[in-house]
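Enquirer: Let chain W serve as the given structure and place chain U on it in line with the hints.
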Amino acid sequence: MKKWIATAALAAGAVMGVSMASAGTLDTVKSKGQVVCGHGQGLAGFALPDAQGVWRGLDSDVCRALAAAIFNDPNKVKVVPLTSKDRFTALQSGEIDVLSRNTTWTLSREASLGLEFAGINYYDGQGFMVRKSLKLTSAKELSGASVCVQQGTTTELNLADFFRANKLELKSVTFATNDETTKAYDAGRCDALTTDASGLYSERLRLAKPDDHVVLPEIISKEPLGPSVRKGDDQWLDVVKWTQFVLVTAEELGVTQANVDAMLKSENPEIKRLLGTEGKYGESLGLSNDWGYRIIKHVGNYGESFERNVGQGSPLKIARGLNALWNKGGLQYAPPIR
Amino acid sequence: MGKSVSSNNNQPFVQHDVIAPSRPPSNLVGPVGWVREHLFGGVFNTSATILIVLFLAWVLPPFLDFVLFDAVWTGVDREACIFNEAHPIVGACWAFIKDRFSFFNYGTYPIPERWRVDLFFVLLAISIIWLLKLSLPRRDLGAIYSFIILPVISYFLLIGSPALGLPIVTTNLWGGLLVTVVVSAVGIVVSLPLGILLALGRRSTMPAAQVFCIAFIEFVRGVPLITVLFMASVMLPLFVPREFEPDKLLRALVGVALFASAYMAEVVRAGLQALPKGQYEGAMALGLSYGQMMRLIILPQALKVTIPNIVSNYIGLFKDTTLVVIVGLFDFLRTIETARIDPIWAAPTVSPTGYVYAAIFYFIFCFAMSSYARTIEQRLSKADKR
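Heads up: the sequence lines are chains W and U, in that order. Oh and the first sequence: position 22 is 22 in this note's numbering, straight run, nothing missing. Oh and the second sequence: position 26 is 26 in this note's numbering, straight run, nothing missing.
Simulated from the structure, these hints should not be mistaken for lab results. Ideal Cβ positions, reconstructed from N, Cα and C, are used throughout, including at glycine. Check each hint, because a few of them may be wrong.
Simulated DEER-style distance windows between Cβ atoms [to be verified]: (1) U:F212 x W:S84: 32 to 42 Å; (2) W:P336 x U:I111: 35 to 45 Å; (3) U:Y355 x W:E169: 30 to 40 Å; (4) W:D27 x U:L197: 38 to 48 Å; (5) U:P167 x W:A262: 32 to 42 Å; (6) U:F244 x W:N268: 32 to 42 Å; (7) W:N268 x U:A163: 27 to 37 Å; (8) U:P167 x W:K280: 55 to 65 Å; (9) W:N178 x U:H38: 44 to 54 Å; (10) W:T28 x U:P167: 14 to 24 Å.
The shape of chain W in the complex, shown without the other chains (with noise of 0.2 Å):
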């Protein structure tokens, strides 16, 4: 029954989101005021409403910094918290113009779904964490330990998947929900947990003893996290796109929210176009020239932003991994702007 109703408002959700789409994104936003933005309904170092009741996280600086770049003022945002049952369905059917919900990137969320995905603010994959008194270095070293793993997940089935693919011996120990997991691997049921690792690292912070356990450097799966528009509205999603891309190429040349009005003066033809000194690049994306400004100003670059939220600044302290610069080791790359 559930199934037929989400299926029936799917279908619904593309007819209604190609028709939607034809009245432009862009302009809906800015006769609106707002960008109206999906969150989930409270994920730590993601999107979480702080003591005052303002969503922050990785995810939250995503709808931020769109509306910097649109409005000029971060706080333009109307936030829609949304389960994962109908995070979808409310895109499509335009209640949200952004999807910035910790969403794994699939080929069939973006080919039959309806909606398009503009880019990865964060790669996620599961991960093990253990007790430092077993001296583990590594994943392949877990032969024959008990793992604690949420029922029904696809955690549950990667798991199992490395486990055959490197021949190693698996005794898994199932929970219902999260917080069961968690307690379980606590009290010592098993030797390791296994989640998300960004999941793993907010979990441990849980533990009576946090200090005492540690994450292993093998991830096993791909998750790749970003936020996502409906099809059919290229200019929007460009918007979005490009968005994040000036989050990323601000880490890279170096450009933050403390010297950002002195690197206005910069002679590096770069900085000039990513802070719209030159050209008029912010224009063809339907935004004022110095939307490249207005984000950093008001958000801050990538690396900035990962690390208040997720990173050393926060109480998680998720190492960058995959996460740092593309000429830092890690994947976080973005085309030129020009």
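Expert: Same frame as chain W, now just chain U:
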């Protein structure tokens, strides 16, 4: 009282005074007697008492240790509540509740505008006390205030009105206690009158009204609340133009109110059926119209017998408001769920603390409702005891 002994000494001794009854044996009265009678009367009673005391002795001390004695009361982040050498045992992390207290009350309501929410709570409290405390004067004015003036004021106060100098606060920013109170208050206020109408409609002799009411009640009772909310939130936007699309909170309010009315209708119908037919016939014999009969004879009696059920419906409704999270609204419980995953407060006892706080909150509200209902029942049942 008694007359003094007669002066005539010829008569044998006659006791004229009434002898005061002597006190019962001391082990049958007072605290000792009470304990003997109620706690240790017979083998079964005695063993039940002992078992219960043992159970409490087993459960209470760890609970009190967690909630009070080992609890952490001050702190600014997770450092206060994690296990370390300084405090190897950490109970409830009340510092977390203190830090997020305003988030639990207002959600993401803009900080400069939060006084409006406070004012709303005060106005609502006045209305509730005025209506429920029977000794207060002019309760007719109280009803006008509560059901007409208060909703209008609250609407402009909470949503805002640029004409009055109050910036608009869209409902997607509302959260926490505010959402829980608004949804349950609207549900409670709307469901009783609507439920009475539906119940009367269902028992009516007019076929159209009867069929409509039966269909509505049975349809709504036939689906879970979660489905009603899901349909309202996900399907509705697909079928109406964006300009006419109702607000998310409004969708949830309508869903909850209609859902509660259908259940209320069946409760009221039970009361109507419990009345002997003579009450109806008597009212008709007096020449009362249908409206007069219902208003003066039938409903007062029918509602009186259904008070326990009405209140348990209200309590259920109050707790069901947690389901509005389906529509993406942050109700009280959801704000706790959200705050507890914040890494700033990630510590082993933070989640249990959040849930204990939620339990206390819901218990206070529900217990207040049922206690009030009990006093009303006692007052009304005086008529039956004569």
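Enquirer: Given the hint of 44 to 54 Å, is the C-beta distance from N178 (chain W) to H38 (chain U) inside that range or not?
Expert: About 48 Å separates the Cβ atoms of N178 (chain W) and H38 (chain U), which means 44 to 54 Å holds.
Enquirer: Taking the beta carbons of P167 (chain U) and A262 (chain W), is their distance inside 32 to 42 Å?
Expert: This hint holds: roughly 36 Å between Cβ atoms.
Enquirer: Could you tell me whether the CB distance from Y355 (chain U) to E169 (chain W) stays inside 30 to 40 Å?
Expert: 38 Å, holds
Enquirer: Looking only at beta-carbon atoms, does the pair D27 (chain W), L197 (chain U) fall within the given range of 38 to 48 Å?
Expert: 46 Å, holds
Enquirer: That 35 to 45 Å hint for P336 (chain W) and I111 (chain U) (C-beta), does it hold up?
Expert: 42 Å, holds
Enquirer: Quick check: does the Cβ-Cβ distance between F212 (chain U) and S84 (chain W) fall within 32 to 42 Å?
Expert: 38 Å, holds
Enquirer: Per the hint of 14 to 24 Å, is the separation of the Cβ atoms of T28 (chain W) and P167 (chain U) within bounds?
Expert: With a Cβ separation near 23 Å, T28 (chain W) and P167 (chain U) satisfy 14 to 24 Å, so the hint holds.
Enquirer: Between F244 (chain U) and N268 (chain W), does the C-beta distance stay in 32 to 42 Å?
Expert: 52 Å, violated
Enquirer: Using the C-beta atoms of P167 (chain U) and K280 (chain W), is the stated range 55 to 65 Å upheld?
Expert: 36 Å Cβ-Cβ, so the 55 to 65 Å window is violated.
Enquirer: Does the Cβ distance between N268 (chain W) and A163 (chain U) fall inside 27 to 37 Å?
Expert: Taking Cβ atoms as reference, N268 (chain W) and A163 (chain U) lie about 51 Å apart, which means the hint is violated.
Comparing the model with each numbered hint stated earlier shows that hints 6, 7 and 8 do not hold.
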